[in-house]
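Q: With the hints as your guide, set chain B onto chain F.
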Amino acid sequence: MIEVKGLVKKFGRRKVLDGVSFSANKGEITCLIGINGVGKTTTLKAIMGLTPYQGGTILVDEAPVIKDTYEKITFIPDAAIMPPSMTIKEAFEFMDDFYNNWNPGRAAELLEFFKLTPEMRISELSKGNTAKINLLLGLAIDVDYILMDEPFSGIDIFSREQIANVFTSHLIEDRGVLITTHEINDIEHLIDRVVLLDNGRVLKEFSTEEMRSSEGKSVVDVMREVYMG
Amino acid sequence: MNITFNNRDPVYLQVVRYFKEEIAVGNLEAGQEIPSRRELAGMLKINPNTAQKAYKEMEEQGLITTERNFPSKITTDERVLSSVREELLLEAVNAFVEAVRPIKVPLDELLKKVSENYSEQENV
Numbered sequence: 000m001i002e003v004k005g006l007v008k009k010f011g012r013r014k015v016l017d018g019v020s021f022s023a024n025k026g027e028i029t030c031l032i033g034i035n036g037v038g039k040t041t042t043l044k045a046i047m048g049l050t051p052y053q054g055g056t057i058l059v060d061e062a063p064v065i066k067d068t069y070e071k072i073t074f075i076p077d078a079a080i081m082p083p084s085m086t087i088k089e090a091f092e093f094m095d096d097f098y099n100n101w102n103p104g105r106a107a108e109l110l111e112f113f114k115l116t117p118e119m120r121i122s123e124l125s126k127g128n129t130a131k132i133n134l135l136l137g138l139a140i141d142v143d144y145i146l147m148d149e150p151f152s153g154i155d156i157f158s159r160e161q162i163a164n165v166f167t168s169h170l171i172e173d174r175g176v177l178i179t180t181h182e183i184n185d186i187e188h189l190i191d192r193v194v195l196l197d198n199g200r201v202l203k204e205f206s207t208e209e210m211r212s213s214e215g216k217s218v219v220d221v222m223r224e225v226y227m228g
Numbered sequence: 000m001n002i003t004f005n006n007r008d009p010v011y012l013q014v015v016r017y018f019k020e021e022i023a024v025g026n027l028e029a030g031q032e033i034p035s036r037r038e039l040a041g042m043l044k045i046n047p048n049t050a051q052k053a054y055k056e057m058e059e060q061g062l063i064t065t066e067r068n069f070p071s072k073i074t075t076d077e078r079v080l081s082s083v084r085e086e087l088l089l090e091a092v093n094a095f096v097e098a099v100r101p102i103k104v105p106l107d108e109l110l111k112k113v114s115e116n117y118s119e120q121e122n123v
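Chains F and B, in that order, give the protein sequences. The first sequence begins at 0 in numbering that gives the first Met the number 0 and counts up by one. The second sequence begins at 0 in numbering that gives the first Met the number 0 and counts up by one.
Certain hints may be false.
Unchecked claim - Within a straight-line C-alpha distance of at most 30 Å, the following computed BS3-like cross-link-like pairs (lysine-lysine) qualify:
| hint | chain 1 | residue 1 | chain 2 | residue 2 |
| --- | --- | --- | --- | --- |
| 1 | F | Lys216 | B | Lys19 |
| 2 | F | Lys44 | F | Lys25 |
| 3 | F | Lys126 | B | Lys44 |
| 4 | B | Lys72 | B | Lys44 |
| 5 | F | Lys114 | F | Lys66 |
| 6 | F | Lys25 | F | Lys203 |
| 7 | F | Lys14 | F | Lys4 |
| 8 | F | Lys203 | F | Lys216 |
| 9 | F | Lys44 | F | Lys203 |
| 10 | F | Lys44 | F | Lys88 |
| 11 | F | Lys4 | F | Lys203 |
| 12 | B | Lys112 | F | Lys114 |
| 13 | F | Lys126 | F | Lys114 |
| 14 | F | Lys88 | F | Lys14 |
| 15 | B | Lys44 | F | Lys71 |
| 16 | F | Lys44 | F | Lys4 |
| 17 | F | Lys44 | F | Lys126 |
| 18 | F | Lys25 | B | Lys72 |
| 19 | F | Lys4 | F | Lys216 |
| 20 | F | Lys25 | F | Lys66 |
| 21 | B | Lys103 | B | Lys52 |
| 22 | F | Lys4 | F | Lys88 |
| 23 | F | Lys203 | B | Lys44 |
| 24 | F | Lys203 | B | Lys52 |
| 25 | B | Lys55 | F | Lys203 |
| 26 | F | Lys88 | F | Lys126 |
| 27 | B | Lys52 | B | Lys111 |
| 28 | B | Lys72 | B | Lys55 |
| 29 | F | Lys216 | B | Lys112 |
| 30 | F | Lys25 | B | Lys52 |
| 31 | F | Lys216 | B | Lys55 |
| 32 | F | Lys25 | F | Lys114 |
| 33 | F | Lys25 | B | Lys44 |
| 34 | F | Lys25 | B | Lys55 |
| 35 | F | Lys25 | F | Lys216 |
| 36 | B | Lys52 | F | Lys71 |
| 37 | B | Lys72 | F | Lys66 |
| 38 | F | Lys14 | F | Lys44 |
The set of hints was computed from the structure by calculation and includes no laboratory data. Please read these numbers as outputs of a predicted model, since none were measured by experiment.
The following block holds chain F by itself, in its conformation from the complex (with noise of 0.2 Å):
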């Protein structure tokens, strides 16, 4: 499990996170969702430890974040990450050089499952088949826990559809899945929980199926109640 406790981040005097509090689970699909400018990213990045903070702890299976813990996440960031020059088949040998779980049974299952072929360039890939490939080599390591920050934005609809399918696969395993996203249409059905964050703060956080029992109402629902008042 990974803990965000009372976690508050300042960019000069601008709390951008004032005491973000939630927790993502093993096995489960966590959506953080956010109108933009809220602190997805900045918090997806905090707990990489790609940005320092001013406050709070973050602990994954119950122990303080040190170096080795990265051994078991991987963040996807929404960007390319690979040199525009390389081809698939370059950055995966890159991946395979750089990180000792990289696995690359599952990097070729993923590449088939996407459609794409290994002489494929980086620099040639559409925005839909970048997301992909980030996606990819993100999920082509065998760690516990996965960060994605906004896999589904600004691509195809099809390759949406393509991306959501990893979710439901045994690609994802039972590894625990934390993104965000402001568009939540394509994959209302596939996530556990949400965490709703609004100017620095967690304003709720349930599991989709509870809600949708206790009180019949839908993600989006909930979403306007607690954005639009």
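A: The following block gives chain B in isolation, referenced to the frame of chain F:
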């Protein structure tokens, strides 16, 4: 296998309902093997945890049986199978009666209309 989900009812209950409908119309037969939880999640594009929950619910209701290391199967218990059809029918009749009651139609007129409509739709 295809379900259009609504967003306000628990997804696992919608999956259970879908299986009941398939049993009632005979698309799923007694003793038939059903997909694994993971396969079902992929087919219906739902969370594997939700598929798991749907199967657990169906096991508790006696609709499916699972033996260790074997695929789950539709039950062969005829009582359970016929009660599924009965349950769906009763549910539909209840909904219809509830919808039609405010209109205050005499029962014999209503039944006549139902009978006419039912045979018309069959002929389409």
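Q: For a C-alpha distance cap of 30 Å, please report whether B:Lys112 and F:Lys114 respect it.
A: This hinted pair is violated, its Cα atoms lying about 55 Å apart.
Q: Against the 30 Å threshold, does the CA-CA distance of F:Lys216 and B:Lys19 hold or violate the hint?
A: holds, 24 Å
Q: Given the proposed pairing of F:Lys88 with F:Lys126, does the C-alpha separation stay at or below 30 Å?
A: Roughly 19 Å between the alpha carbons, so the hint for F:Lys88 and F:Lys126 holds.
Q: Straight-line Cα separation of F:Lys203 and B:Lys52 no greater than 30 Å?
A: Satisfied, since the Cα-Cα distance of roughly 24 Å is no more than 30 Å.
Q: Assess, step by step, whether the Cα of F:Lys203 is no farther than 30 Å from the Cα of B:Lys44, and give holds or violated.
A: Holds: F:Lys203 and B:Lys44 sit about 26 Å apart, inside 30 Å.
Q: Holds or violated: are the alpha carbons of B:Lys55 and F:Lys203 at most 30 Å from each other?
A: This hinted pair holds, its Cα atoms lying about 28 Å apart.
Q: For a C-alpha distance cap of 30 Å, please report whether B:Lys52 and F:Lys71 respect it.
A: The given pair, whose Cα atoms are some 27 Å apart, holds under the 30 Å limit.
Q: Sort out whether F:Lys203 lies within 30 Å of F:Lys44, counting only the CA atoms.
A: holds, 21 Å
Q: With the threshold set at 30 Å, check whether the alpha-carbon distance from F:Lys44 to F:Lys126 stays at or below it.
A: holds, 23 Å
Q: Does the alpha-carbon distance linking B:Lys103 and B:Lys52 stay inside the 30 Å limit?
A: violated, 42 Å
Q: Is it true that the CA of F:Lys44 sits at most 30 Å from the CA of F:Lys25?
A: Distance of about 19 Å is within 30 Å: holds.
Q: For the pair we were handed, B:Lys72 and B:Lys44, check the Cα-Cα distance against 30 Å.
A: Satisfied, since the Cα-Cα distance of roughly 21 Å is no more than 30 Å.
Hint check: violations occur at hints 5, 12, 14, 21, 22, 27, 29 and 37; the rest are consistent with the structure.
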